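K.L.:
As a plain string of letters, each chain reads:
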Amino acid sequence: MNLYNLGLSGLNAAQARLNTTGHNINNVDTDGYNRQSVVVSTAGGTGTVNGFFGRGVMVDAVRRSYDGFLYRQMVSAQSDGASMVAYGNQISQLDNLLADDTVGISPALKNFFDSVQAVASSPADPAGRQELIGQASNLVTQINEANRFLNDQRNDINNQIGTTVEQINSYVQRINDLNRQISAAKASAPGQPPNDLYDQRDQMVTELNQLISVDVTEQGDTFNLSVGTGQVLLSGQQVFPLRAVPSSSDPSRTVVAFTAPTGQPGKTMEVELDDSVLRGGRLGGLLEYRRTALDSVQNDLGRMAIGLAKAFNDQHAQGVDLNGAAGDDFFSYVEPTAMRDAGNQSAAGVSATFVDTNRLTSSDYRIEFDGANYTITRVPENTRVYTGDGADLGGAPPTLIDGMQINLSGTPAAGDSWLLQPTRNAGRDLGLAIGDPAKIAAADADGGSANGNNALELAGLQTAKILGRGTMSLNEAFSQLVDNVGVQAQQNATASKAQANLIQQTTAAQQALSGVNLNEEEINLQRYTEQFAAAARLIDVGTQLFDTILGLKA
Amino acid sequence: MRISTSLMYQTGLGTLSSQQSDLMHLFQQIGTGRRLVTPSDDPLAAAQSINTAQTLAMNKRYADNRAVANQNLGIEENTLSSVTEALRDIKTRVIEAGNGTYSDADRQSLADVLKNYRESLLGYANATDGNGQYLFSGYKGDTQPYVQAADGSIAWNGDSGQRTIQVDQTRRMASGDVGTDIFSRATPGANGYVTQAGPGNAGTAVAGTTSVIDPSGPNVGDSFSISFSNADLDGDGTDELAYTVTIDDGTTQTSLPPQAYVDGARIDLGGVRLSIGGAPKAGDYFDVEPAQSADVDMFGTLDALIDMLETPVDGDPVAQARIANLLSTANQKITINHDNVLTVRSSIGARMDELDKLDANGAQRGLGYEAQLSRLQDLDWYQATADLQLRQTALQAAAMAFQTIQMNTSLFLRNQ
Chain A
1 MNLYNLGLSG
11 LNAAQARLNT
21 TGHNINNVDT
31 DGYNRQSVVV
41 STAGGTGTVN
51 GFFGRGVMVD
61 AVRRSYDGFL
71 YRQMVSAQSD
81 GASMVAYGNQ
91 ISQLDNLLAD
101 DTVGISPALK
111 NFFDSVQAVA
121 SSPADPAGRQ
131 ELIGQASNLV
141 TQINEANRFL
151 NDQRNDINNQ
161 IGTTVEQINS
171 YVQRINDLNR
181 QISAAKASAP
191 GQPPNDLYDQ
201 RDQMVTELNQ
211 LISVDVTEQG
221 DTFNLSVGTG
231 QVLLSGQQVF
241 PLRAVPSSSD
251 PSRTVVAFTA
261 PTGQPGKTME
271 VELDDSVLRG
281 GRLGGLLEYR
291 RTALDSVQND
301 LGRMAIGLAK
311 AFNDQHAQGV
321 DLNGAAGDDF
331 FSYVEPTAMR
341 DAGNQSAAGV
351 SATFVDTNRL
361 TSSDYRIEFD
371 GANYTITRVP
381 ENTRVYTGDG
391 ADLGGAPPTL
401 IDGMQINLSG
411 TPAAGDSWLL
421 QPTRNAGRDL
431 GLAIGDPAKI
441 AAADADGGSA
451 NGNNALELAG
461 LQTAKILGRG
471 TMSLNEAFSQ
481 LVDNVGVQAQ
491 QNATASKAQA
501 NLIQQTTAAQ
511 QALSGVNLNE
521 EEINLQRYTE
531 QFAAAARLID
541 VGTQLFDTIL
551 GLKA
Chain B
1001 MRISTSLMYQ
1011 TGLGTLSSQQ
1021 SDLMHLFQQI
1031 GTGRRLVTPS
1041 DDPLAAAQSI
1051 NTAQTLAMNK
1061 RYADNRAVAN
1071 QNLGIEENTL
1081 SSVTEALRDI
1091 KTRVIEAGNG
1101 TYSDADRQSL
1111 ADVLKNYRES
1121 LLGYANATDG
1131 NGQYLFSGYK
1141 GDTQPYVQAA
1151 DGSIAWNGDS
1161 GQRTIQVDQT
1171 RRMASGDVGT
1181 DIFSRATPGA
1191 NGYVTQAGPG
1201 NAGTAVAGTT
1211 SVIDPSGPNV
1221 GDSFSISFSN
1231 ADLDGDGTDE
1241 LAYTVTIDDG
1251 TTQTSLPPQA
1261 YVDGARIDLG
1271 GVRLSIGGAP
1281 KAGDYFDVEP
1291 AQSADVDMFG
1301 TLDALIDMLE
1311 TPVDGDPVAQ
1321 ARIANLLSTA
1331 NQKITINHDN
1341 VLTVRSSIGA
1351 RMDELDKLDA
1361 NGAQRGLGYE
1371 AQLSRLQDLD
1381 WYQATADLQL
1391 RQTALQAAAM
1401 AFQTIQMNTS
1411 LFLRNQ
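Top to bottom, those sequences are chains A and B. Each step along the first sequence adds one to the number in my numbering, with nothing skipped, and position 379 is 379. Each step along the second sequence adds one to the number in my numbering, with nothing skipped, and position 46 is 1046.
Extracted from the complex, chain B is given alone in its bound form:
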């Protein structure tokens, strides 16, 4: 076959060019450290790396979101820790005030102390985060959740919006709690009771703590009212002091037959029990309400307590009985509040714990995504350096071969 001279040169040049372009590509790969210089090097890997990069970015984003959630929950936990302290102190004071040795002056100074606590609690309830957003106001972050009216009463002004943060691909977490769930709620599921004496009670009867003795009792969860009246129960022609229990299960009210009152008697209400001591008068009554439906607003409780402590009662046994009842009620309510705040705190703890675990998972996943991305995009340096050597040698060899063939096969050049 005839090899035309120009074809020989063209072929030599073509071989060198193609070797050089391979070398160039290798240079680009080594220069950038990327296996994929352009998408055409591996279109599927290029497309996959775009999607993996997004997944990786989202994974990082969720970590950032978790940091925000963690910070929000941390601020809330700090605040609620102070609220817990305050409630514990208030409880101690209320129990002290009930020991019967307090004078009007003592009670007045206690009222002053409680006023301070009330101020602190109001401050906690209106706490803000770094952006000046109220922690407990629901969605209305810029609305003060608890506002003191001109008459001194404190009203709820927030809404029930639950703030959530996307902390993982499929997990939206509450990054805070609403004020009403902290300051005026009994822990959902708690079956405690609140006993309140009728405000106009004329006798000296004082109700003890209502306790649930049998959680499966027939009337647990119902409301009760115990009212006193004079009735001739034994038929001797004279009336005795009797009490009537009315059970309210939410739809119907059932009154039990009147019973004779005995001082200090334990009154069994069907799973729920309380004792009443002292000397009630006909027309007096006690309401026993389950914690879930009772008004347990912290500020309302404190206001009533302060108001009552500031009223002089020395030498008036009826007023003293009233105060004893109110202190007992306040104690029950504050206990309910305290339990509830502790529950909220434990839920915060659980959430922060979950965030930690999600962080660990996220970090693990992030490593996986990065490894995948690296596999898709990054250069195998050992392979590339070896290739570089090989290509360089091949290029040199091709150049040498061309030169040799050209020099040694030209008759014209040989004749010179």
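Looking at chain A on its own, in the form it has when it is part of the complex:
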């Protein structure tokens, strides 16, 4: 009689294992699937005076082959990898934009100064003057276009931040749902792990980490999620969604805000997160690109545009045009106005006037008023460049801040702040102020149609070190920009390769434990089929034994 039971328990165990093997084979390519196996134990023995007779085998549980450490290592590597890919996608666009040095700003600069030289050599030649106007217009267009490209990228990043934040919130919501499903599943089968739900939740976390690096804390069977420096996304069963909002200091910049409890029940408030706080994943990569590459490249371009416009205009004003009049502005540009923070209590304004463009930096400036004193801080470096009541900023002579005169207007309230981006939009605002070839002030103060002395001085600006405190010519400033982009793209490519290797390694380690190997499953199939056959044979033998005994009776 016992043989039947033994056969049955063996059949059951083999069946369970074959099932699990089948499940493994089916999910060999399922993302996030962890190999499952059946845990069995001996069913114990029945004690008799002759000893304990085993009762067969017992299926205890179905377990997944899972190691939290290996899993977290892999996810963290993937999150960093996704950040680098997002960064790389953006920087490679810039890299490609600057790839061909036969088009764009560099040849436009060359051609522009070439035509200045031509006017210097033949100041009376109307064709040469017309050519200069044409080349100047081309240079302006190229700088405008490059800036437009950067602005498009900025807008695209704003949109991507918005979409990514929505996706993040959606993942958090689904993880919250899975938390609940897991609790329910565990209640329905106490003591048994809901492996596939675990896998699904882990996969959600993996995918969420592709968007942003998330910290997971396990509380019982529930995942709590937080980002950055501890901003909570999911706690208990409450979701605190991230939001993409216009920055209060710069409305054109979409930033991420998190919702924080106010202390009053059910009430939350939005708090802007500093870009540098959010790391990893696509969002981290986008924010890092904007912070470390896009801002500085656009500012560099703007500084070059301002340097060109101001230096050329200043020299142009020294000369005399064909009509004998002093040179008018050659290029047009816009003196920068600082943006008021959305939270400012007063309407007081801050603007700046370019005085010495050679001292101009590529930084932005945060201006704060504490009720008595202004502080001016260079950002993103966070270097304080001025503290004082502001009187000397408008003094005679004014205290210049990095080559700019700062103009304060209105009565500020304590706590007001402004963001000054002197060069950010200069590439956009650069224009050609001159259209009439006769207005080119090629002559020096002596005048005369054959006098090209001022044009000679203008041509000298091609190599004059007019930027970066006398360290760079216009062309060198541009080549530095290209170098900057190239280096960042190169670094990203190198780091991405290393990261890809790391991902490969951590994945291999995780898969070595959790992955399905079809050969192994094939052998398992054979093994368990044989086990099944053997168990069936036990029943067969049991029947034979019965038959033998029944035959004796007959």
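FYI, nobody ran anything at the bench for these hints, they're computed from the structure. In this text, all values refer to a predicted model and were calculated from it rather than measured experimentally. All C-beta atoms, glycine included, are put in the ideal place defined by N, C-alpha and C. Be aware that one or more of the hints could be misleading.
Partner residues are not named here, just some residues of chain B that face chain A (Cβ under 10 Å, in silico) [as the list claims (entries may be wrong)]:
no., residue
1, Pro-1043
2, Gly-1141
3, Gln-1144
4, Thr-1164
In silico negatives: residues of chain B with every beta carbon more than 10 Å from chain A [claimed, not checked]:
no., residue
5, Met-1001
6, Thr-1005
7, Asp-1042
8, Ala-1047
9, Gly-1074
10, Arg-1088
11, Thr-1252
12, Asp-1339
13, Ala-1384
Since the structure of chain A is provided, determine the placement of chain B on it from the hints.
P.N.:
Leaving out everything else, chain B in the frame of chain A:
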């Protein structure tokens, strides 16, 4: 170690992708012929190539500028070559006119010839370039430099602006010369003299050419005046004709004691010497001025000459003496002009020669920059083709290896 089946596929795919992306990059390099497809391939080289490209462009620009300078100087040289011819002819005519056999009618026809030369010279002085800009007017390229007034006199209307062209990174060259430096200037440093008889001289004294016999003489460079008077030098109670030399060094005037006049006497002025012949009258004088301060305006000289040649002098020895003196003065001035134009021409020649040398240097440098740019940017074709072969083989090998491993290690497939 367990190799999961999906990892095996992923790894196989990853290997193939990375091989293919390397191959793709190589294709791009070969397709464009550039080593640097994007700045990230070699950021420093990309930045350097931008600066080198600018240097190369500027080098080309200076070559273009030199072409302009060469053209301007060529036009000027052509014009001044004609001016030299004209001056040489005028000189010949002036010397002919001084031989004493000319009648009033001969002189009149000579005056007509000189008028023609004057017209030609005026034309040369107002020559223009391809843009209609006057060559010699200084900065005022559109202002006619020499204008004939209603009374026939020719006045300078230009300015002293020196046109310059950037012919090399550090060299700005004068691409022309100002009219006053050509038509009314003695060569700077020339120490010649111009002798002029007083316009009201009543005697028949004629001054010979003033020459500098000792360049280190005490009075070289000073102005002199030789005036005649009657004085009783030997104390015999009757006056003799005497001359007094006054030396003007620019600040003070010193009169030497009167000397007795002897016809044809050589008068030594301290490094400078001239001879005066004929019979002067008391009150006559001669001015001897250094070329540097004398009025040597070509057109003024010609006008005075023409005016004088048209005045009848036959049978009047005083007028004939006056004409002889004027011709002598004109001859000296035209010689000074001629020398000066030749000097300007030689300076043009020197400048054109310098341009040639700068051209040679520029071409040499251009080759250097191009080679540098090519080193920075261009593909090493041999290397690239070899790499291409290698990569293709590697890709094929990777694909084959993947297939082999996959086919031969799957139990499921083997059982079929």
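K.L.:
Does the interface hint hold: is Gly-1141/B within less than 10 Å of chain A, judged Cβ to Cβ?
P.N.:
Holds, about 3 Å.
K.L.:
Would the least Cβ to Cβ distance between Asp-1042/B and chain A come out above 10 Å?
P.N.:
Nearest chain A Cβ is 7 Å from Asp-1042/B, so the label is violated.
K.L.:
Going by Cβ atoms, does Gly-1074/B stay more than 10 Å from chain A at every point?
P.N.:
holds, 14 Å
K.L.:
Would you assess whether Thr-1252/B, listed as outside the interface, keeps its beta-carbon beyond 10 Å of every beta-carbon in chain A?
P.N.:
holds, 37 Å
K.L.:
Does the claim that Met-1001/B lies off the interface hold, with its Cβ farther than 10 Å from every Cβ of chain A?
P.N.:
It is violated; Met-1001/B is separated from chain A by about 5 Å at its closest Cβ, not greater than 10 Å.
K.L.:
Per the stated criterion, does the least C-beta distance between Ala-1047/B and chain A lie above 10 Å, as a non-interface residue requires?
P.N.:
The claim is violated: Ala-1047/B sits with its nearest Cβ about 4 Å from chain A, within 10 Å.
K.L.:
Is the shortest C-beta separation between Pro-1043/B and chain A less than 10 Å?
P.N.:
Interface hint status for Pro-1043/B: holds (3 Å vs cutoff 10 Å).
K.L.:
Hey, is Arg-1088/B genuinely clear of chain A, shortest beta carbon separation above 10 Å?
P.N.:
Given that every Cβ of chain A is farther than 10 Å from that of Arg-1088/B, nearest at about 29 Å, it holds.
K.L.:
With chain A as the partner, please determine if Gln-1144/B meets the hint condition of a C-beta pair closer than 10 Å.
P.N.:
violated, 12 Å
K.L.:
Hint check: is the beta carbon of Thr-1164/B less than 10 Å from a beta carbon of chain A?
P.N.:
holds, 7 Å
K.L.:
For Thr-1005/B, is the shortest beta carbon distance to chain A beyond 10 Å?
P.N.:
Not fine: 5 Å to the nearest Cβ puts Thr-1005/B too close to chain A.
K.L.:
Does Ala-1384/B sit more than 10 Å from chain A, CB to CB?
P.N.:
With a cut-off of 10 Å, Ala-1384/B remains clear of chain A, as the shortest Cβ separation is near 18 Å.
Hint compliance for this structure: hints 3, 5, 6, 7, 8 are not met, and every other hint is.
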